[in-house]
Amino acid sequence: MNPFSAPYLHRPVSIQRSMNLVLLALLPGILAYLLLIGPALVVQIFIASVSALLFEGVLLYWRGKPVKERLHDHSALVTAWLIALTFPPLSPWWLTVIGVFFAIVIAKQLYGGLGQNPFNPAMIAFAVCIIAFPALMSQWPAQGLTLSFSRQVEIIFGFAPHLDALTSATPLDAIKTALKTDVLHDNVQELLMSQNLYGTFAGRGWEWVTTAYLCGGIFLLIMGVISWHVPLAFIVSMSALALVCWLVDPTRFADPLFHLFSGGAILGAFFIATDPVSGCATPRGKLIFGAGAGLLAYLIRVFGSFPDGIAFAVLLMNLTAPLLDLYCQPRVFGALPSMPVKRADEEKEDAP
Amino acid sequence: MLKRLRQFFRFPGGIHLAHRKEASSEKAITQLPLPEKLILPLRQSAGATPVPIVKAGDKVKKGQRIAAAEGWISASLHAPTSGTVRDVGDYPVAHPSGLAAPSIVIEADGEDAWGERQPFLEQTATEYARQVFNPERVQHYLQDMGVVGMGGAVFPSHVKLVKAPGIPLETLIVNGAECEPFVTCDDRLMRERADEIISGLIFLTELLGVREALIAIENNKPEAAVAMQNALAARLESVVHHIRVVIIPAIYPAGSLKQLVYMLTGKRAPIGVLPTQLGVQCFNVATIHAIWRAVAHGEPLIRRIVTVTGDVERPGNLEVPLGASIADILRYAGMRGSADGCLVGGPMMGFLLPHGDAPIGKGIHCLIARSPQLFPPEAPESPCIRCTSCAEACPQGLLPYELYWWSRAGDFAKTQRYHIHECIECGCCAYVCPASIPLPQYFRFAKDQLRAAAKNQEMADQARERFEFRQFRIEREKAERAEKLAQAARAQSAKRAVEQAGASSAPPTSEAEAIIAAAVERTRMAHEAETIDPKPEPGNPA
Amino acid sequence: MEILPAVLVMALGALILGAAIGYVATRFKVEGDPMVEKINALLPQTQCGQCGYPGCKPYAEAIAKDDAAINLCPPGGDEGARRLADLLGREYTPLSAECQKESKAGVALIDEANCIGCTLCIQACPVDAILGAAKQMHTVIAPFCTGCELCLPPCPVDCIEMKAIPQTPENWEWPRPARKVPVSLIKTPVDIPC
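Residue numbers (the working numbering), protein chains in the order written: chain A, 1 to 352; chain B, 1001 to 1542; chain C, 2001 to 2194.
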């Protein structure tokens, strides 16, 4: 007989509940995105979700895990939605499927499934695709482009001609181009306005999508699904660096508010960098993780060659997470401040 | 109502639990009818197991000592009623393993007749008590009375009366927190027997000479707090000794020693430091009650109050003699058919009784008839996603997800690095875990493995020392033997020389003769020992 | 001539480094072989001789000299072989075939009624855990017994047997949690493979 240990009381929580809350928190952002882009997004989310569940189910089956039980944790859905939201909305269906494949099969299941992946699966998908298909991954629909649903579906499923004509540079791209060439304006805002890319306080239209993500993120904070450490550190560090650059040269660098509300910054701060599995777990570790991701994201999106830096910033910080956690262990209750905090790796393992 | 008298120090982590005490908190303490048979496991306290001093067939009186304490950290055991000792042998005990342990079985004669009682002090004559006040006498008296901590840890109380050398004892804390859900026995005890608790507390404050005494009661037991406050108000000494009732917020595990001490005094016991070394000592209310019954009435610890609740018809608080059968108690309380097991202790730190029956011991404060309605079956375990809910809930500031990881992997050295021995097994981590991982069981498993490994290492070290000493001894004996042989040879040649020198000279000196005779005798003995007949005649073993 | 400074520099360097190496070699000289102690610390100290060496230390010495394999110690088991492999950086090999028989921890018990007091077991015991004198009955000091079984063969009357150490609530260990199914008193628990 196998004794079954106390406690016998449990809070009615589950991983599925956490994941559902994350999905719920993404809804306002999805809605805003939908208004901006059109129903193509729903098609992308559908493609990503179906393929994610399919890949996850097959891999779980092959690995001899309880398929139904594990599919119910909805973690694959979160990954799928994040992929759909970070990929260009009019990218071909197979690009999304390839992204999901790399996320679920390579980055997640082959490393041991939920809880075992060292890297954020959705960001792996983004990184793989942007390296393998840089052109497709940069095709963001032009501002104010309105296409009918059937046309969008045609584009996604490849029945339509190439859509170069329909795409344009994102605000971040525009700034980067300006930084490298020497087009002089009084400031970046003017530059963007000249291209009709500037809205009320950031990228036109996109600023509201990001605001909706922010609302979702705050909802997650209130529900206790994520802790404040990573988003705060991310936002503070990114704004601080942006502020410094902006103050130094406002003709070339955008203001912090613009940076926060452009690209995937808010989505990254609240939904991607907060992934518990691949991120840090100790409070101080989370702060460093968030700050590092924010800094790297800014550097990559401003000085690097990719349209946005969130994916690479998060992946790079994922690399450091185990080390950060090792060095950031909190003090055990009762340990005096004068007592040196002994790290778990110190001293060669003595007796048993 | 009572005011909050002081500021609290909020310990890290902890959880808010549904109290679920209402089923039994309004039920007065009642007596369990005297059972016909009592089984008393010898081991009822931490430390050494006492040694039985009765044998089957002996008649015993109520309160008579039946097992004597062995060493200092050990407490005696007494007969809870008068009757006959039926057996001294192994019987199942209330333990998660369900194993049997040495016990004394007493068949009650129904008379419940007390033996001779010698109260340490006359009930009213505190003055007299002062004259004989001698901490060591009190310690030995309580050891003889078998008083142990009744909050669950069953640490012998007399040991806790020893002050740490050089550290003045400032604060005495009375633990009436009772932070586990369902449990109400301390609540009822404080409501109904506040006077005796206060008397015991005054006795202890005088004995230990503490600066202040704090009675900590969680804010979900206002009636108990009022009763204690009223009992305090009736005693002048409470002012002299700065005894106060302190209402603490109900955060589980507020009743845990380190957390309670921090909450009330702001003193954090560092790793490996006992609260006495911080000038704080802590007793459970039931223990103080037992101490008072012993010193004032000469009653050893032979009964205790047990909350019986859960899926029973008549939940309540029963005063039961030690050794009463848990199954009998549940039957008496009317366990329903829907109940499928019995939790011994609270639902957070207790255990599921592995078989139908076991006797009540000194540390069992609660029995909960378990049913699927009360304790819905938990979701199956899923993988840990390092959400850190557990670390946020841990009152000891540990990282349970790391401990889980290494325990699961079998790397117990790593669990030590993450301070597994600081884990108090309160269950907060598993309570909040969204993946339904039985974390405390992993920690218990790892701790037991570490304990076994330490024991093996100790055995191995001892064996190595003994082996090396034996090698050394064999060498030494060989050297000694060689030396003796050389001596004998020298004596032989000396004798020969003497004989050759003068054939008609005087007989050999008696000294030389004695040496040779001894040597011959020794070799003969040795030879005999080696060539002893290996098959002795039947009926004549050696 | 250009080569001269280079030669001089190299020679000087060689001289200084040589002196440093020589100094370090004498200054930090390690007495004895620390490896033997380290290996010995990992051996179970049963002193049973099943490895073919007369005790754990001799076996440790043989391992240190690379004369013996690391998988010859049945009481240490697979776990012991693994730890030796870790220490020595050798490849782990499972217990050798002749060591495979399950060694059960136990203590020797002398049936005192049959003991003839021959002292043979006392001489066989590697840790002096048997007490007695010639023609007096012997007894095993249980806490010192390593369960090596070396006293069994020499006994002329076969009065020694190995007794398993009984499991009690004190030495019972919590098992590693199985895949969870709450236990109930009525149903037998089932482990769900996962």
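Hints are computed from structural coordinates only; laboratory data are not their basis. Quantities reported herein were computed from a predicted structural model and do not represent experimental measurements. It cannot be assumed that every hint is accurate.
Covered, in the sense of this in silico footprint (three residues per stretch, anywhere, with C-beta under 8 Å from a C-beta of chain C), are these stretches of chain B [what the hints assert, rightly or not]: (1) 1091–1101; (2) 1432–1445; (3) 1464–1475.
Glycine included, C-beta positions come from ideal geometry on N, C-alpha and C.
To see whether the hints hold, each was checked on the structure:
no.	hint	verdict
1	1091–1101	holds (count 6)
2	1432–1445	holds (count 6)
3	1464–1475	holds (count 8)
Figure legend: structure checked against the earlier numbered hints; every hint is met.
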